[in-house]
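Keeping their order, the protein sequence lines are chains Z and S. Following our numbering, the numbering of the first sequence begins with 1 at its first residue and continues without gaps. Following our numbering, the numbering of the second sequence begins with 1 at its first residue and continues without gaps.
Hints were generated in silico from the structure; no laboratory data involved. Careful: at least some of the hints might be erroneous.
[Claimed, not checked] Taking CB as the label site, the calculated pair distances span:
id, chain 1, residue 1, chain 2, residue 2, range
1, Z, A56, S, F588, 56 to 62 Å
2, S, F588, Z, L67, 31 to 37 Å
3, Z, L72, S, P432, 26 to 32 Å
[As the list claims (entries may be wrong)] Short, incomplete list of chain Z residues facing chain S, as computed with Cβ under 7 Å:
id, residue
4, L34
5, G35
6, G36
7, V39
8, L40
9, T60
10, A61
[Said to hold, decoys possible] Here's a subset of chain Z near chain S, in silico, CB distances under 10 Å, partners left out:
id, residue
11, N25
12, G29
13, V55
14, F136
These numbers come from a predicted model, not from an experiment. Just so it is clear, CB atoms sit at the ideal spot from N, CA and C, and this is done for glycine as well.
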Amino acid sequence: MSSHDHHANGVLPHDPEKATLEGRNKILGFWLFLGGETVLFGTLFSAFLALRHNVADGKTAQQLFELPLIALATFLLLTSSMTSVLAIQAMHRQKVKEMAIWLGITVLFGACFLGLEIYEFYHYVHEGHKFSTSAFSTSFYSLVGFHGAHVAFGICWITLLIAQLFRKGLTVVTAPKIYVASLYWHFIDVVWVFIFTVVYLMGKVG
Amino acid sequence: MDWLTTVDHKKIGILYLIAGGFFFLIGGLEALLIRWQLMGPEKDVVSAETFNSLLTMHGTTMIFLAAMPVIFALMNAIVPLQIGARDVAYPFVNAIGFWTFFFGGLLLNVAWIVGDVPAAGWTAYFPLAGPDFSGGKSMDFYAIGLQIAGIGTLVGGINFLVTIINMRAPGMSFMRMPMFTWSAFITSALILFAFPALAVGLVTMSFDRMFSGNFFVAANGGTGVLWEHIFWIFGHPEVYILILPAFGIISEVISTFSRKRLFGYSSMVFATALIGFLGFMVWAHHMFTTGLGPVANSLFSIATMLIAVPTGIKIFNWIFTMWGGQIRFTAANLFAIGFIPTFVMGGVTGVMLAAAPADFQYHDSYFVVAHFHYVIVGGLVLGLFSGVHYWWPKMFGVGLNEMLGKLTFWTFFIGFHLTFFVQHFLGLMGMPRRVFTYLEGLGWDTLNLVSSIGAFAMGVGTIIFIINIVYSLSQPRTAKGDHWEDGRTLEWSIPSPAPEYNFAQTPLVRGYDAFWKEKMAGNAEMTPAEPIGPIHMPSPSILPFFMSLGLFIAGFGFMYAENEFMNAALANLFSSYVVAGVGLLITFGSMFLRSVYDDAGFHIEEDEINKDRGIKA
Ligand code: HEM
Ligand SMILES: [Cu+2]
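Construct the entire structure; sequences and hints are all you get.
Following this line, the structure appears as structure tokens:
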């Protein structure tokens, strides 16, 4: 089908991610997938909201959460969303190196975020806030942990894509993959904004 | 080997049909055992424990491993043909969808071999499904088996959405799409928004069972009602996921065999979309008795009753389609016509159940069992039988025998009404649902006997159907492209079975019922929208098989990680998560391979296409 139309002459079209039907399919399908992910997180949020005051014998959110740490993590993740935008802009200017650098920085910030989260969990467990302590703790670790797992997956994925970029360069095959990965990254960012508000801010307020 | 690596949506459709049919037989056997046990008072065909297992596995198998896959079989086999597409959007992902469903279903049924079978009902309410009441691995098989199978359903749904949005032939606008494709579209959208909720439900269930989580443990602040909400926010849309494709099939079959355009096409589309939307608004009608309070109960009551409006529109449209048509009573059409009154009866009892105060009486009685079988079996299963008879020649290049088909219809149809009609009365007389036996003298004996006889009649109908399949496949494959001669939609414009690339030339669609329109204009074929040329095809791949196999192994690894084993080596393998790790490694390794090696595919050349069409190159 249209997969050969473009790179035959070696010139990359302006929007390489949307140049082929395969690419367009990938992007549309990924938007739909994110719709499903929204339901997934929505369900976890609902469970958390239903259970967040049920602490049994364990600690409450007010006793546990330390906002400065969370604020730092939030800052890192939001910034990484911006660097991924810069990567896509570099892609449209066909600056492959620049693109790889911005993606690298994105991964790096994501990894720092993840590190902070692991530290946070470790710290809570030491305070006696275990997964099995209360309905609150179970739903907290599930919701935030699911998000963390998404970040971890994103880090592996984008790293793999950077490697591909070096091996195959920017083509109508790699471009949609990178575009889609950046969509994913924004999505986890948006979810985090909700977690920050619903879990941490509301938790601190009580 | 061919079948393990195929990414052709028509072959995947056949795989779905075989696997779904196989699970349908298992689920049917379970049903027959249940009905044998209940045939008379105080029978002991099976023990009470086994009965619970049979009931749970019957419901779960029928819904997830029989009904859904057969729907996917028809969607795979037909939807791309109906929209004039060469392929689905993601052939590779499509194969993953099949294999995850298959291995998930296998994992669930391995429970029978291990002898630790889920027994908390297909709804898996807590605390019944929790570790206290469902010890051992039983409900872990349920949670992990369905989790793996659910992945397949979800990616399948996305695949169809993208295929239908992006890959329609020129001229095939949304309002020219055949009704079956429309129903596949809305069903896929429902899958997209319902299955993630199930996935979360199953994860929370696993967390509670395996890692001592507290989502549903009242002592630590959890609540079982939360499970009911999560389950039914998936579960109610699920019943529409099941029934909408049947609506689509009935629309195609009735209009073909009435030789008439579907009456009220645009209102049908509108009704389908509306039903899909309302499907998400009514989940709590399964929870009237949990104490939601009068306000919530009233709202959910009214929302539920509203669904009768678009459904009624559909029923009238089907009747008006037949009105004045030249009706042919083929086997496929018998199933479709039998569907209409049967489904109406199920709908009527549905509205009865939707009245919250009345539901306090019906709840968990046999009345409910009668209701949902009228909609699922009388609706969906009759619809699927109709669709399978209708599209069989397109899928296999040979028709089913009409005589045997009609025999299947009558035995199954009569058996069905015998089985489930009397259950309404059993329910009203106080017989509870999910009860493994009952005492003599309650006045339930005769009706239960009738019900069981009916169930065996349905079994006979199914056997005749299998005979028909075997017979048909032993015949020469000579079906014409337009097998029924009254075909209206694009799939009938190409040979039966469709060639690998579907359309030698993408057709130009010039109206609703595209093929019929061309025939009326005196053309024997569709007008092509492009010159003949080489066709790009995706390469087959074994990776989808291995990805799903990996998940299967990992599922086992996680389930048995905490177990005591007699054998030290086994204990080490499982408890140090080696098995789980190997499974995940296979899955992620396959994903990695896939992402590293881009599939360039291959081309089918012009002269080969011409050879297929009987033209000398
Ligand atoms: C083929 C003939 C069938 C027969 C004879 C049959 C019979 C039964 C019986 C006797 C029960 C137990 C009712 C109770 O005591 O609570 C049952 C439950 C159920 N059946 Fe069927 N059934 C058939 C087909 C199907 C199909 C095709 C589906 C779905 C596509 C289905 C879905 C269910 C479900 C969801 C339950 C509920 C299980 C539960 O109570 O948890 N059945 N069936
Ligand atoms: Cu419902």
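V39 of chain Z as chain S interface residue, shortest Cβ-Cβ below 7 Å: This interface hint holds because 4 Å falls under the 7 Å limit.
Verdict for A56 of chain Z, F588 of chain S (Cβ pair) under range 56 to 62 Å: violated, 37 Å
Evaluation of the interface hint that places L40 of chain Z against chain S, nearest CB under 7 Å: Nearest chain S Cβ about 4 Å off; hint holds.
Agreement of hint L34 of chain Z with chain S interface, Cβ distance less than 7 Å: violated, 10 Å
Residue hint G35 of chain Z, partner chain S, criterion CB-CB below 7 Å: holds, 6 Å
G36 of chain Z as chain S interface residue, shortest Cβ-Cβ below 7 Å: holds, 5 Å
Hint check, G29 of chain Z versus chain S [nearest Cβ-Cβ separation less than 10 Å]: At about 4 Å, which falls below the 10 Å cut-off, the nearest Cβ of chain S leaves the hint on G29 of chain Z intact, so it holds.
Interface restraint verdict for N25 of chain Z against chain S (beta-carbon cut-off 10 Å): Hint holds; N25 of chain Z Cβ to chain S Cβ min 4 Å, cut 10 Å.
Chain S contact restraint on V55 of chain Z - CB to CB distance below 10 Å: Interface hint status for V55 of chain Z: holds (7 Å vs cutoff 10 Å).
Interface hint outcome for F136 of chain Z [beta carbon to chain S under 10 Å]: Holds, about 7 Å.
Verdict for L72 of chain Z, P432 of chain S (Cβ pair) under range 26 to 32 Å: For L72 of chain Z and P432 of chain S the Cβ distance comes to about 57 Å; the hint is violated.
Hint check, T60 of chain Z versus chain S [nearest Cβ-Cβ separation less than 7 Å]: violated, 12 Å
Hint compliance for this structure: hints 1, 3, 4, 9, 10 are not met, and every other hint is.
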